[in-house]
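Could you put the whole structure together from the sequences, leaning on the hints where they help?
So the protein sequences, as listed, match chains A and B.
Everything in the first sequence is counted per our numbering, starting at 3 for the first residue and increasing by one.
Everything in the second sequence is counted per our numbering, starting at 34 for the first residue and increasing by one.
Keep in mind the hints are simulated off the structure, nothing from the lab.
Given the structure is predicted, the values throughout are model-derived calculations rather than measurements.
Straight-line alpha carbon distances no greater than 27 Å define the calculated DSS-like cross-link-like pairs of lysine-lysine that follow:
hint	chain 1	residue 1	chain 2	residue 2
1	A	K162	A	K128
2	B	K84	B	K191
3	A	K196	B	K158
4	A	K128	A	K181
5	A	K224	A	K128
6	A	K59	A	K92
7	A	K128	B	K138
8	B	K365	B	K84
9	B	K301	A	K128
10	A	K55	A	K19
11	B	K301	A	K196
12	B	K391	B	K158
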Amino acid sequence: MSTPVDITKTHVVHQWKYDAPLIACRFAPDGLQVAASSEDNTVQLWKVPGGEKQVLKGHDSWVHALCYTQDGQQLVSGGCDGRLIWWSAKAESPAEIRRIDAHAGWIRAIAVSPDGSTLASVGNDKLVKLWNVATGELLGQMEGHERHIYSVLFHPDGSKLISGDLLGKIHVWSVAERKLERTIDATPLYEPNKGQAAEYGGVRTLALSLSRGELIAGGTHKATNPFGAVHEPLLLRFGWEDGVLRKTHVCDGVPGGMLWRAQWLEDGTAIGVSGGSTGGILLFFNDTQEKDIHRTMLPSLARDMDVHLGSNSVATIHYDTHLRVSVLNA
Amino acid sequence: MSFAHYACGSKEHGINRRRFLQRTCSTAVAGTAVVGGLGSLTAGKAAEQLKSQDMRVVVFNMHGGLSQLESWDPKPGTRTGGPCRSIPTSVPGIHISDLLPNTAKQMHHLCLLRGVNTAEDDHGKGAYMMLTGRRQSAAADYPQIGAVSAKMLNDESKGLPGHIVVAPSGGGGRGNESAYLGPKYSSVALSGSTPPPHTLKPDGISDQAEVRRHEMRRRINQEFLNRKRTAITDAYTHSYEQALRLMERRDVFDISKEPAADLDRYGKHDFGRQCLMARRLVENGVSFVQVTHSNYDTHNDNFNFHIEQLGEFDQGFSTFVNDIAERGMLDKTLIVVLSEFGRTPNINLYYGRDHWSKAWSIVMAGGKVARGAVYGATNAEGTEVTDGQVDHGALFHTYLQAVGVDSNQSIAVDGRELPIADPSVQPVWKVLT
Chain A
3 MSTPVDITKT HVVHQWKYDA PLIACRFAPD GLQVAASSED NTVQLWKVPG
53 GEKQVLKGHD SWVHALCYTQ DGQQLVSGGC DGRLIWWSAK AESPAEIRRI
103 DAHAGWIRAI AVSPDGSTLA SVGNDKLVKL WNVATGELLG QMEGHERHIY
153 SVLFHPDGSK LISGDLLGKI HVWSVAERKL ERTIDATPLY EPNKGQAAEY
203 GGVRTLALSL SRGELIAGGT HKATNPFGAV HEPLLLRFGW EDGVLRKTHV
253 CDGVPGGMLW RAQWLEDGTA IGVSGGSTGG ILLFFNDTQE KDIHRTMLPS
303 LARDMDVHLG SNSVATIHYD THLRVSVLNA
Chain B
34 MSFAHYACGS KEHGINRRRF LQRTCSTAVA GTAVVGGLGS LTAGKAAEQL
84 KSQDMRVVVF NMHGGLSQLE SWDPKPGTRT GGPCRSIPTS VPGIHISDLL
134 PNTAKQMHHL CLLRGVNTAE DDHGKGAYMM LTGRRQSAAA DYPQIGAVSA
184 KMLNDESKGL PGHIVVAPSG GGGRGNESAY LGPKYSSVAL SGSTPPPHTL
234 KPDGISDQAE VRRHEMRRRI NQEFLNRKRT AITDAYTHSY EQALRLMERR
284 DVFDISKEPA ADLDRYGKHD FGRQCLMARR LVENGVSFVQ VTHSNYDTHN
334 DNFNFHIEQL GEFDQGFSTF VNDIAERGML DKTLIVVLSE FGRTPNINLY
384 YGRDHWSKAW SIVMAGGKVA RGAVYGATNA EGTEVTDGQV DHGALFHTYL
434 QAVGVDSNQS IAVDGRELPI ADPSVQPVWK VLT
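Structure below.
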């Protein structure tokens, strides 16, 4: 049994250095492996707690999307080359199992359904695609986003798929009918800047808590100078059933930050990782306060995180080429 | 040709002697010595012949600093390459970024110059250098390529401005872009897809009244000019006459006159409309058009912003090049894609690229420029020029030579011969046919 969570005691327990800046990471379901991707187009598998790594080569571009299959035996990676690759992540010598040219342009996010049968992928081609995890067969695709899609997740019962895009639109799809059911308005995350002739922001992360009946969506706001990395992290808390915005979580004193990922802890606390000119920060939120209730500074600018609830650990990856594992207690 | 009667008595210049001395005589002192014996480009048959050739220049100014690695000189699979890949083009062996799939199909018309080193990482100074061919100094000011093109190439009898800047926010005619050539050659600004503002005759004024108003204006002007005439008064007079001609040819600036299918092909965004406007303008005889595409100053989130921006650029630019070629205008139309500088090979912690002038790229096409060619190269990670290094001065010469202007000649200003381009450098002859 893991030590209870005490977010105020959060601290780094492991850090391992790679050869290039890191981009994304995910814990294996058993918490004994972390997959990370980097600017040299590779994916690495890191053993926890030993830190031994294996490097997987197969993409021709960066990988922003990583996801383990439900049994944890396979890892799927989605690249800016539009390619999905299945890897035998837990094999002694991990190897490529299957590759599919899945999207025209970048794949931004992927997710596996709760029953482990279906993989969802989204990308710059504005399509949501569904794949058979076991065979790689395309099961269907859904159109409806008008701009790049940044995030995707399955509802815990597998019946719905939720995806968020640059414009701050969160679409809720019926998986069985392949149909758009409703749209949740997260436009505070969309930051058009007329002066710089730029569009910025978007729904960079989504997480759903059925026990709380809440959906969180994260990204950025106050992008007064998006080209200069001047923008602040923002987390929106919606009622899941009614789609109504319940709380807007802001982070004072973080003038350069983007909430790259947000997740739920078991006690209903939301955790997010911010990276930007203010540095790398783990931010914690509850439903009573608009501002973060706690923050833990990380040693370097972070770009992604993944929480392993079983061990109350958080993996973060960093520009300084390090993968770090923190624990959420003393 | 009628001789002007200036207060100072000279007959052909764009500025009076005092202002000329203030602005430009110190050029020689500053180090760019005027070579003696240069012939004047603006006098005589040669100048008239040049103007009769209907040569045009269209500059696409990628404001903020386009990344060469996401456009003309990709380095996929390297430490500096980023997530974008390279794709083959219509010319075997030449690859460009996968963010430019439509432009890749037009490569046989283009010439990539991958060895640009301008050694200036400041936006304003870099832009000045790329548009004037000279480094900015307090001692001298130089005309931009648009003003020089207007002076050298524009046939004023066609009644259209010779120097037009198209940008969503306008911006033409500001600063001292025509320098010693005088305000007559400064730009007319267009916002993109509509004619210049205030170019419709008010409904309450009849045609006869309009004629009488202008007759009165000309008579009063003439009475004043008989007593005191300077380049400035001439510029005022010219502006009024240009505005009048512009009103008469207002349709030239109205892209709604173009087929709806063309609007679709160019893209239903500002840049697409601006490219279509550029085509319409050069088809109607405007000698210089600058289209500004903004914004590429991507210190943060470089790749997403370049996907967004170059998606627009690729559609509008490739369609423009294709149309100019298909309509048989490429021999007479120089196309240049430039920025104030490129962007760092190093990818910073915000997925951004910063300013980088040591090794970057521009593109030329049309006129006498070699087609389907690459000149210059950078090393494996794009950090240094390894072959065919060129700078802003050489490029400025090359633009002019590409449209038949002898850039080693001079412009006569107030009786003095001023080198049209920096005499210390030469054109990039190898990209000219």
